[in-house]
Amino acid sequence: MTNFQLLAAMGWRPFFQQQLTLEEWDQITPARVTKQHKSQLTVATDPHTFTLPITPAMPPLVVGDWILLNENKQFVRLLERYSCFKRKSAGTGHEWQLIAANVDTAFIVCSMNEDFNPSRIERYLALAQAADAEPVVVLTKADLTDEPESWRDNVRRIDKQLQVITVNALENSSMDALSDWLQPGNTAVMLGSSGVGKSTLTNTLLGESRQSTQGIREDDAKGRHTTTGRSLFPLPQGGLILDTPGMRELQLADCHDGIVSAFADIQRLAEACRFADCQHDQEPGCAVQAAVEQGSLDSRRLSNYQKLLREDALNSASLAQKRAKDKAFTRFVNFSQKESRKFKGR
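In the UniProt record's numbering, the protein residues as written are 1 to 346.
Just so you know, these hints were derived from the structure itself, not from any lab.
Ideal Cβ positions, reconstructed from N, Cα and C, are used throughout, including at glycine.
Be a bit skeptical, because a hint or two may be false.
To be verified - Below 25 Å or equal to it, Euclidean Cα-Cα: the simulated DSS-like pairs (lysine-lysine) are:
| # | residue 1 | residue 2 |
| --- | --- | --- |
| 1 | K73 | K35 |
| 2 | K86 | K38 |
| 3 | K86 | K35 |
| 4 | K86 | K307 |
| 5 | K73 | K38 |
| 6 | K35 | K160 |
What the hints assert, rightly or not - Quick list of the computed label-pair ranges, beta carbon to beta carbon:
| # | residue 1 | residue 2 | range |
| --- | --- | --- | --- |
| 7 | K160 | P14 | 33 to 39 Å |
| 8 | F50 | G295 | 30 to 36 Å |
| 9 | E249 | S39 | 40 to 46 Å |
Please construct the entire structure, taking both the sequences and the accompanying hints into account.
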């Protein structure tokens, strides 16, 4: 019989336990996906870790997922997720790419150098809000600036209520600032571009070098792509950290509510617009444009808000079209197989 109390340190909670049937309580072993490879997964059950081959019968899985295994360590089913990070696949593809699952906190990692980009932070904030995870902006490389407070102020212009932490990823003492979000059983994911210090932060939290790191390019402060896979690590203090590769392209889709939440200030202003369907462009009586003219709303922020909404609408439509085509093809295959069986029975 599974000891569910031991699984709590790995992020197990009543949300998952309530999904089990009475038969599964005694016959099934819950396991969490901790690493993802092309043909296999690394899964953990307290206290064992082993690999599990990926088969066509499995649904799309991602690091952080909880799955059920039978007594032969074979996949039975995926448990419902309470949070899920996903994006439209890079390039011109029309597929989802899962990033992480069952995460409580999203550490949006940015460096205090030339690569700092408020619009990119807003994009990650929208992703975190859509995934139902708490966003925390972590500004790294505090040892390379004399004015960390000015960088923090730049982020708080996005949202005064936003949690913003400045750290030196190489110093253990800096990690104390993250402890509130790394309590036993809580899972945090590292999100951000290459070279911002995600893997360095992970290694410092772990107290050992588990993830490869590289320096940034000196000419533009951009990072080199180091981490190539997603990995979930239990921390000595009891939480879990999920390190992800740097994402040079983060295409949003089915993320409208997340964008609205990330730009709540613009939404509040829009309520005072003369027209309910105001696009905040050239319409008369636009309260949002009035705020820009008065200087209380940054024109860059409005431009990025409109850009993300257009991107989300376009990508959501293309993915919906892809899903419709897939369903139609499945119905065609099922019909063909049914007709074939009828023909053979004659």
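Hints, one by one, checked against the model:
1. At most 25 Å may separate the alpha-carbon atoms for a hinted pair to count; K73 and K35 meet this at roughly 17 Å.
2. Of the supplied pair hints, the one linking K86 and K38 holds, its CA atoms being roughly 18 Å apart against a limit of 25 Å.
3. The straight-line distance between the Cα atoms of K86 and K35 is roughly 17 Å, inside the 25 Å bound, and the hint therefore holds.
4. Simply put, K86 and K307 have alpha-carbon atoms about 19 Å apart, close enough for the 25 Å limit, and the pair holds.
5. Using a Cα cut-off of 25 Å, the hinted pair K73 and K38 holds, with the two alpha carbons roughly 19 Å apart.
6. This hinted pair does not check out: K35 and K160 have alpha carbons roughly 36 Å apart, beyond 25 Å.
7. Hint check: K160 to P14, Cβ distance near 34 Å, so the stated range 33 to 39 Å holds.
8. At about 59 Å, the CB distance of F50 to G295 disagrees with the hint of 30 to 36 Å.
9. Distance hint for E249 and S39: a CB-CB separation of about 25 Å, inconsistent with the stated range 40 to 46 Å.
The structure fails hints 6, 8, 9 (numbered hints given earlier, in ascending order).
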